[in-house]
Amino acid sequence: MGDRQSLNRSLTAIGVFVVVYVLVVLLIDNSYYRLMLTLVPIWATLGLAWNLFSGYSGLVSFGHASFFGLGAYTATLLQIHFDVTFWFGIPCGMLVGGLAGLVIGWPTFRLQGVYFALAMLAYPLAFLYLFEWLGYQEVSLPMKRENAAYYMQFDDQRAYIALTLGLMTTAMLISLFVEHSRFGLSLVAIKQNELAAEGVGIDTKRWKLLAIVLSGTIAAAAGGLYAKVLLVVTPPTVFGMITSAQALIVTLFGGVGTFWGPVIGAGFLIPLAEILHGEFGHILPGIQGVTFGIAIVIVIMLAPEGVFWKVRDRFRLGEGKAEPAPGFTAAELAPPPDRAVTSGQTVLDVGGVSKRFGGLLALNQVTFQVKAGEILGIIGPNGAGKTTLFNVLNGYYPPSEGGVRFLEQDLLGLKPNRVCRLGIGRTFQIVRAFPRLNVLQNVVVGAFVRAENDRAARRMAEAAVARVGLGGSRLKQAGGLTTKELRLMELARAIAPRPTLLLLDEPLAGLGHEEVEELFPILQRLRAEGITIVIIEHTMQAMVRLVDRMVVLDHGMVIAQGAPAAVTRDPAVIEAYLGKKWAAHAQN
Amino acid sequence: MKRSILLSLAAGVLLSGGAMAQPKEVKIGLIAPLSGPWARQGELMRKGAELAVDDINGSGGIQGLGGAKIRLIVGDAGENAEKAKNAAQRLLSEHPDLSAGTGAWLSSFTLAITEVTERAKLPWLTLSYSEQITARGFKYVFQTSATAADQAQKTLPIIIKAAQAAGAAKPKTMGVISDNTASPVNFMKFMREKGLQENGVELVVDEVFTPPLADATPPVQKVRQRRPDMMLVYPTGTADVKLVLEKFKEFNLDKGRLPMFGNGAQFGTPEILNAVGKDLLEGFIFSLANWPTKETEAMAKRFMVRFNEPFVGQDPVSTYGDVQLVKAVIEKMKSAEAEKVAEGLRAIDLKGGVAAFYAGGKVKFEDNGRRADAGIYLVQWQNGVPVTVYPPEAAQAKINWPKK
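Each protein sequence line maps, in turn, to chains A and B.
Quick note: to get my numbering, add 44 to the position in the first sequence (first position is 1).
Note that my numbering numbers the second sequence so that position 331 is 328, with each residue one more than the last.
Not one of these hints is a red herring.
Only some residues are given here: those of chain A computed to face chain B with a beta carbon under 7 Å:
id, residue
1, N74
2, L79
3, L275
4, T278
5, G330
Source of the hints: derived by calculation from the structure; they are not laboratory data.
Backbone N, C-alpha and C define an ideal beta-carbon position, used for all residues, glycine too.
Same shape as in the complex, but just chain A:
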């Protein structure tokens, strides 16, 4: 399968990279360059840690120095006060780093966007002053003259390179496996749209916490080794702004959201800064900072997503070849037996739902039922409350009054990812694609909800892609799809976990007449395969031909419901759409 292939390819690439690095180390005997070769993996590892959290999940952390510094100080203080070797001190530091991730993440995830980023900035600053206050302004690691190796102290610099390279490789492998697992895809989904991710059944808080804990652990390991290499720990060097920024800079430069990014960034920027410093520093002190800054600005302007993605796009690497899609049995397509419904059974019961936003009554006593096997259209002019209704059904908003039952289960108070798990799929008015992933990967994210393991999820995704007729483009990057393909992809994502009920929010928006014609049979086939569909549209024309029944909303109220032919003749409906004048005309 395509994914297995790309995993193997990445593993080979990492292997080649490590071998080349080792060869370079063996060729160089200049102690200064060896120090560079020791520092590059440390900063790359910090970058990898940052990328593991911020790169995949999109929650920008300006505070990874917290974990780095805690790792450095834990290992250092353990050696100073308790004569504990770094071989044990660094793992202890990692524990502290991971724990700090949990303690920091738990409250901070309440914040979003820039607020989250700024809050993260505050932690290392607080640690900086805390450690200064504790009297650890300058902690120097004593040189051990006996049992040096036991204290992780070596005469040969290459031993340190081996350690830092080992750590970086481990971090790369962790990142690689995260990228290729449900974990990574879930984080990417959160990055693209946290609400949408919840909508496809991802428990966003859990994944985010897991990510920051893992990230903190890795960053702490990097910090511990950094202390051992530098032998002096001061709060500004490990908790300082520059340290947090370094993690961002190497990753943004090299490429966000891929484990190659931090490695490329650190491998290029750290030596560049040093060479500039070495060659020009004594003539124009500080010139390295200026040149370094300019280089970063140029790269960010020419390759805003980082060097890695630019190169990949340039040479179109990573685009899989189309393989014949596997076949599927009917049992794999229908909703799972535990949620099988009989035709005519009430699937969704919306009872007297109201939703208030301050003084605005967006939904007013909305009541209707959805029967198994039907296509129900919810129509209404713009602002009628259609999307709000979906958001209530999905659990994004709690209703102010009333309740929603799905197959006799009360949905009140359930989070979107729980609602999704029960068997309600959803698409969005604006397509939430994950542009850097291919079609199949986009869909897999949706399948995780019901899949026991990653392999099953992949199989379900393949089936869903085939069902919507995207089999031929399933390895294309989502960024290059047409609007219709995007709609179909989103549809596939929603049906991948084989939901009982599918909520489609304006699936026809932005499609041409012919494309709409192509979409209809697909929806009808889905219904034939046993999925109940509720669809929002404001274009009456298209709906009339597609749906079995209609519910018309206006100003948050149900003004009509019934068969399309009856509804379209209803004066109230005509009035809502066209105004009083036309309602009178229609009657005549």
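Using the hints provided, position chain B relative to the given structure of chain A.
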């Protein structure tokens, strides 16, 4: 003269086993922050070192090595310990033949670079204060300044002596206005623990604030009420120093009417003069590990003329001294080999001459690398210039202390 050169050449050839000619050039390293927030201090160190190199080379180089010239190899310690360590590693890998070095101003930088120089067995001089620098069992690090704890210990006794020498009664009460950052807190820690008691001084005003200071009125008001015999004024930020001194002026306690002192070179920079002003600083005293003295005034004058600096402080004097000291050791050992220079530094016992560039006027290193009997100076702002006022053998001017 010719004879002695020949002799020394012969001796040099003998010492080096006759296999190699003596080096034409002797390399001395300097690592100092030349970029980043401490670039100015690094610049002053570099200027001091350059002046020493030119003085030596201009007067015939190193006689003991056939007039070998000194070449200064400079590394930029940048803005953090990592950069400083990189600079040290680079210096060593590009110039494995360094004879000795000096730097890197900030204690944490010095701690980092000496990890490198120690392993390379390169003798390293430093003016940094931290006790840790010479508490690691290193054999190739030589700390020329009194350590921070040492300075905290010595300041009060010499302030009292200076006051008495000026004809005033022994100060019995003291007030403190300081912030709660590391340096003042550590400085005061010793005083609180025993310094005050040992010296028979009572603390009557104790005002510690978290910077920045919003209003200096309440603490200065307290000072006016209690009227201590002297004041320790120790904010770290220049703006806070200015605020406090302005308030003292408002209460008519300025111009040395109430003796005020602090600790550290930051009280004696051209920058503080510009920011706080000549009038407010008048009479302010600070203790520190090194400053020009009446013996080293000539060097200070040449420095001011050449580099167009208003006055000379600790950084250029110490660094100038370090280069001269290394030169003196090379002369004595008749070898520029790092191992020999280290040996020479360990054995040195100097009074006068080069030793005049260090407070106390003596150069002898203890086993751990600290300079034995490293003294401190009291420097007072007089007419917009910070001049050494104590001890008398170093003083450039008399201390202004009110006789009451």
